[in-house]
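Here the protein sequences come in this chain order: A and B. For the first sequence, position 200 matches number 199 in numbering that gives the first Met the number 0, and the numbering has no gaps at all. For the second sequence, position 68 matches number 67 in numbering that gives the first Met the number 0, and the numbering has no gaps at all.
Don't read these hints as lab results, they were simulated from the structure.
Heads up, simulated DSSO-like pairs for lysine-lysine below, C-alpha to C-alpha not over 30 angstroms straight-line:
#1 Lys28(B) with Lys50(A)
#2 Lys50(A) with Lys17(B)
#3 Lys28(B) with Lys123(B)
#4 Lys28(A) with Lys28(B)
#5 Lys50(B) with Lys50(A)
#6 Lys17(A) with Lys50(B)
#7 Lys123(B) with Lys17(B)
#8 Lys28(B) with Lys17(A)
#9 Lys28(A) with Lys50(B)
#10 Lys28(A) with Lys50(A)
#11 Lys50(A) with Lys123(A)
#12 Lys17(B) with Lys28(A)
Each chain, letter by letter, is given below.
Protein chains: 2
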Amino acid sequence: MRDKNPEKRIRILDAALKVFATRGFYNAKVSEVAKEAGVADGTIYLYFESKDALLIALFEDRMQRLIARANDEIARTEGTVLDKIRQAIALHLSLVLDDPDLAEFITVELRQSGKFVKEYDNPKFTEYLRIFRDLVLAGQEQGLIRRTVDARLVVRAIFGALDELLLTLSLTHRNRSVDLNATVDGLCDIFFDGIRARPAH
Amino acid sequence: MRDKNPEKRIRILDAALKVFATRGFYNAKVSEVAKEAGVADGTIYLYFESKDALLIALFEDRMQRLIARANDEIARTEGTVLDKIRQAIALHLSLVLDDPDLAEFITVELRQSGKFVKEYDNPKFTEYLRIFRDLVLAGQEQGLIRRTVDARLVVRAIFGALDELLLTLSLTHRNRSVDLNATVDGLCDIFFDGIRARPAH
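Construct the complete structure from the given sequences, taking the supplied hints into account.
Next up, the structure:
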């Protein structure tokens, strides 16, 4: 509705991220989000029709920002398409330090909404994956990436590895220090050159 | 307790898998599991102290079977350690066809228990990952896998890719036919040889 307050919407989303990350999506109550946002319980429902709708709106908002940031960082990265893939990998994993609530939300809470996983078409996630896919396709065009690999499968494999690592880092980073650079380098080494030993030549 | 009936415990676990996969862990009620198992509601609590405990017991039971099957198939696979890794990858992805309820449970429902993800030490999952890690370490010993890759990172990357692909397959296989062999071959190609183009020689 046109008479809604954009600033208040943002405040509710920020509060939802904090509450979902702390309490878990299923345990979180809309009234807790309202309290955190400093609005009346009923106000939430003027902006979002249900807790599931709030989860989806939060995901779309945060993914939109992540997409914008990824596109920006990729554009500013000098070097080959492989350097740009490395930058996108580094950005994704950096969430564990830069925005731990978001990292936990993406890896843990997001799968908690059955509605989200099973019924939601998830266009922002598709758009995020397309960033990686376009890089792989460009690399194949340029002869830097093997033309025989399936670009969609490469993207699913890389995203899966990133999601698993971000989950692991999210659950442990409060206990241990994290060497993100070593993880990014190691992951790129695996995906770029594979694990098979090759004879030196 | 010693006077419990092992057959009844198995019946409750089978019922729980079916109910969790159909209704989702959070929506599922213990009374629905009881009805599916053909036991009284209170009987469930003689075997499992809570719905979270039932989830964990179910996971441990199914992972134990998967671990046994993986070890057996790996032992029977002729060829190199890379062939054995391929077999373990194929087994994991085959769950989408052989046991779709389990595939959905592992990829979707399991992360739904905040208790499971955050507090449970998850020894069976560690044991499952160790199968892959032992293969990678053996491959490094034998000079078939590069010694410079971090075995733990390789395992996380492979498991993450498998989890993401199994999730995608679980959500779509009822609509499309699945060419598992092509997916397994494609994934092994990516992980074994990497995506970087190399000059022919």
